[in-house]
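**Student:** With chain A's structure known, arrange chain B on it following the hints.
These protein sequences, in sequence, are chains A and B. 1 is the number of the first residue of the first sequence in full-length UniProt numbering; add one for each residue after it. 1 is the number of the first residue of the second sequence in full-length UniProt numbering; add one for each residue after it.
Calculated from the structure, these hints are not laboratory results. There's no promise every hint is true.
Copies of the same chain are indistinguishable here, so a pair counts whether it falls within one copy or spans any two.
Stated by the list, open to error - For lysine to any residue, the following SDA-like pairs were computed, each having C-alpha atoms within a straight-line distance of at most 25 Å:
#	residue 1	residue 2
1	Lys-22	Gly-73
2	Lys-317	Thr-248
3	Lys-26	Lys-89
4	Lys-357	Pro-321
5	Lys-227	Val-216
6	Lys-357	Thr-206
7	Lys-89	Val-286
Chain residues, written in single-letter form:
2 protein chains.
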Amino acid sequence: MALYQATTSAPVNIAVIKYWGKRDTKLILPTNSSLSVTLDQDDLKATTSSQTDPSFTKDRLWLNGVEEEIKPGSRLATCFEEMRRLRRKVEQSQGEPAISQWFIHVASFNNFPTAAGLASSAAGFAALVSSIAALYKLPNSPSELSLIARQGSGSACRSLFGGFVAWQAGTAADGLDSYAIEVAPREHWPEISAVICVVSDHKKGTSSTAGMQRTVETSTLLQHRIKEVVPQRMTNITKAIKDRDFDTFARITMADSNSFHAVALDTEPPIFYMNDVSRAIVNLIVEYNRASTAAGGPLRAAYTYDAGPNAVIYALKEHIPEIVNLVSHYFPQAESARSPLGAEPLPAGFNANIIVKHEVGAVKNLILTRVGDGPRVLGPEASLLDKTGLPLSTSSS
Amino acid sequence: MALYQATTSAPVNIAVIKYWGKRDTKLILPTNSSLSVTLDQDDLKATTSSQTDPSFTKDRLWLNGVEEEIKPGSRLATCFEEMRRLRRKVEQSQGEPAISQWFIHVASFNNFPTAAGLASSAAGFAALVSSIAALYKLPNSPSELSLIARQGSGSACRSLFGGFVAWQAGTAADGLDSYAIEVAPREHWPEISAVICVVSDHKKGTSSTAGMQRTVETSTLLQHRIKEVVPQRMTNITKAIKDRDFDTFARITMADSNSFHAVALDTEPPIFYMNDVSRAIVNLIVEYNRASTAAGGPLRAAYTYDAGPNAVIYALKEHIPEIVNLVSHYFPQAESARSPLGAEPLPAGFNANIIVKHEVGAVKNLILTRVGDGPRVLGPEASLLDKTGLPLSTSSS
Chain A
1 MALYQATTSA PVNIAVIKYW GKRDTKLILP TNSSLSVTLD QDDLKATTSS QTDPSFTKDR
61 LWLNGVEEEI KPGSRLATCF EEMRRLRRKV EQSQGEPAIS QWFIHVASFN NFPTAAGLAS
121 SAAGFAALVS SIAALYKLPN SPSELSLIAR QGSGSACRSL FGGFVAWQAG TAADGLDSYA
181 IEVAPREHWP EISAVICVVS DHKKGTSSTA GMQRTVETST LLQHRIKEVV PQRMTNITKA
241 IKDRDFDTFA RITMADSNSF HAVALDTEPP IFYMNDVSRA IVNLIVEYNR ASTAAGGPLR
301 AAYTYDAGPN AVIYALKEHI PEIVNLVSHY FPQAESARSP LGAEPLPAGF NANIIVKHEV
361 GAVKNLILTR VGDGPRVLGP EASLLDKTGL PLSTSSS
Chain B
1 MALYQATTSA PVNIAVIKYW GKRDTKLILP TNSSLSVTLD QDDLKATTSS QTDPSFTKDR
61 LWLNGVEEEI KPGSRLATCF EEMRRLRRKV EQSQGEPAIS QWFIHVASFN NFPTAAGLAS
121 SAAGFAALVS SIAALYKLPN SPSELSLIAR QGSGSACRSL FGGFVAWQAG TAADGLDSYA
181 IEVAPREHWP EISAVICVVS DHKKGTSSTA GMQRTVETST LLQHRIKEVV PQRMTNITKA
241 IKDRDFDTFA RITMADSNSF HAVALDTEPP IFYMNDVSRA IVNLIVEYNR ASTAAGGPLR
301 AAYTYDAGPN AVIYALKEHI PEIVNLVSHY FPQAESARSP LGAEPLPAGF NANIIVKHEV
361 GAVKNLILTR VGDGPRVLGP EASLLDKTGL PLSTSSS
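Isolated chain A (complex conformation):
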């Protein structure tokens, strides 16, 4: 019997123009376009294997070794249905075997802790869609597949590409013009790097799904952000990326992070994702940039915050050691309470008194990464499913 299976990995992406608000909650159509940097899968990735076989009795999915129920009408079920629909087209037009009639088993594994507060669902749904696309040998482009990943988790559509990726909001009611496109591949600007500061937080935050709709319903500032602010930023940051203009890229990235958290705050009741440590990291980056610009230089770093307290700091590769030194000085890590790169943690002109040195562990750890590529199709040796369609031990991946 022919074994139909495929394994892919997909990257995390961190937006620089934020997605916040849906105009259609079922189809996951956003109120505004957004733009992200895809991070390197060598550091952070979701890996997904899918298999289909006439012997399977239902669709099944294991996430990090734990089986998840696929409820009828759920986002997961929608993605399975939509992938089958694409496969049926291939079967009908090209006479391929009718494997779309069989059930599918899927196993997915994230190589980063979900607790890190990173957007695991984006990488997860991108890997799911890529994996089934490989299983079904679909001819569809990443933009076409992004239409389906979008219905799993909005920002997942942006993880279908590497490099710099825009999710066009679109205007159609059926969402067919709401998909991801590549703004520039990673090779265009490979120096873009990221330091992820994983910030301790004891509070359970508002989920982004619930939070963004509360903002849509109650914020008096959101519509202005959607109609006036974001479109201009999309145009300007796209140009900054094409021009490799880090100063402008950084300025817009920080402004849009602030704007997103501002409309979250302008919600009833207000939504807070950043905490005092997040705000101290903002102050650190502001002072770092001030010292650089006071010396006639450009902005050197850009913070951005998603729906949680973690900071993602974008910078050119050449400045990463300086930034890691600086963050480690003010936010000493549990395992390396001294500066990892030597005795001089502060760059020239930096005002040492701008923030207080925090206690060990306020930032739990740093993840260093950079702009990366899109989903990868892996060989059968990477499979997370055994030949009977059951998950292998996750430690084997």
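**Tutor:** What follows is chain B alone, placed relative to chain A:
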């Protein structure tokens, strides 16, 4: 020789529609109208004595016993000049003695710590203007005097009235239509009470004068707030006050506090005034209101935050004991780590797990007060200046 002197006290006011942004920084003309509740001078006040005498050799001012320099062109100097201008009109039209030609000595004293982060300049400039108006026996109305207090500190104009006070932004270039008016006197709604939570903070915040202009220059959301959001809220909260509709009053108060902090955050670089303790108090009030509305009741409390971490909680008098209990339970005071009003700190339906119990001192102290009256003219026994025009010991006040 006739002794010309007068002593007045003036109240603190806490805005429910926030002033943030100037259209003219010299005249202190705001970008939007604002509205405040005047707090009771029995609890918080600035007291000011002024004296004028031909023997004085220059204008002098002592604040809490410490002499402040009155620089030419400063806000203080402007207030002195403007008060003299009004006096000269009286001298010319009614043949009063030409005491406007003499220098003035002023002593002012706040009965609350400046470190409490309360808007001491508002009460201070209102007391200054009231005191000199009494010294000069000016016939001007509080609204006319508010034009001058406004030039000392914008929000000071609202402390010229008791009760519920609007500062009309105006549109004239000379600012003559930018003054305070009484929306309702305290007697209209005397049940309105306030709990001020003085929150510990180690960081030096951005001054409101510098911060608001940075918002004017860089925020992409502020203009929408000014043009669309605030005018509607001014209309609606004025009606809520006239109708004694606490539910609507609370809803608008909280929304506008959120909106102000949202545009502060939408500033380059961003401005943060609320800290983690401020945010925990928001969550407390949100849950307190949720429990009330879930039982079919109205909102019972409204938080509002100025340019600092302190919370001011407005509520009807009947709910103050419950609110004090609740705040004291989650934010125990240094001096009274147990609930001040008994063993049952949580109201019916309140979800005890909504926030963590903070360590002693996260909220340093609570100040309980209520809506109050406008500036009071005091007798000579209250003078802060001796007969030679020098300050008495501040402890004597």
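**Student:** Taking the numbered hints from earlier one at a time, note which ones the structure violates and give those numbers from smallest to largest.
**Tutor:** 7
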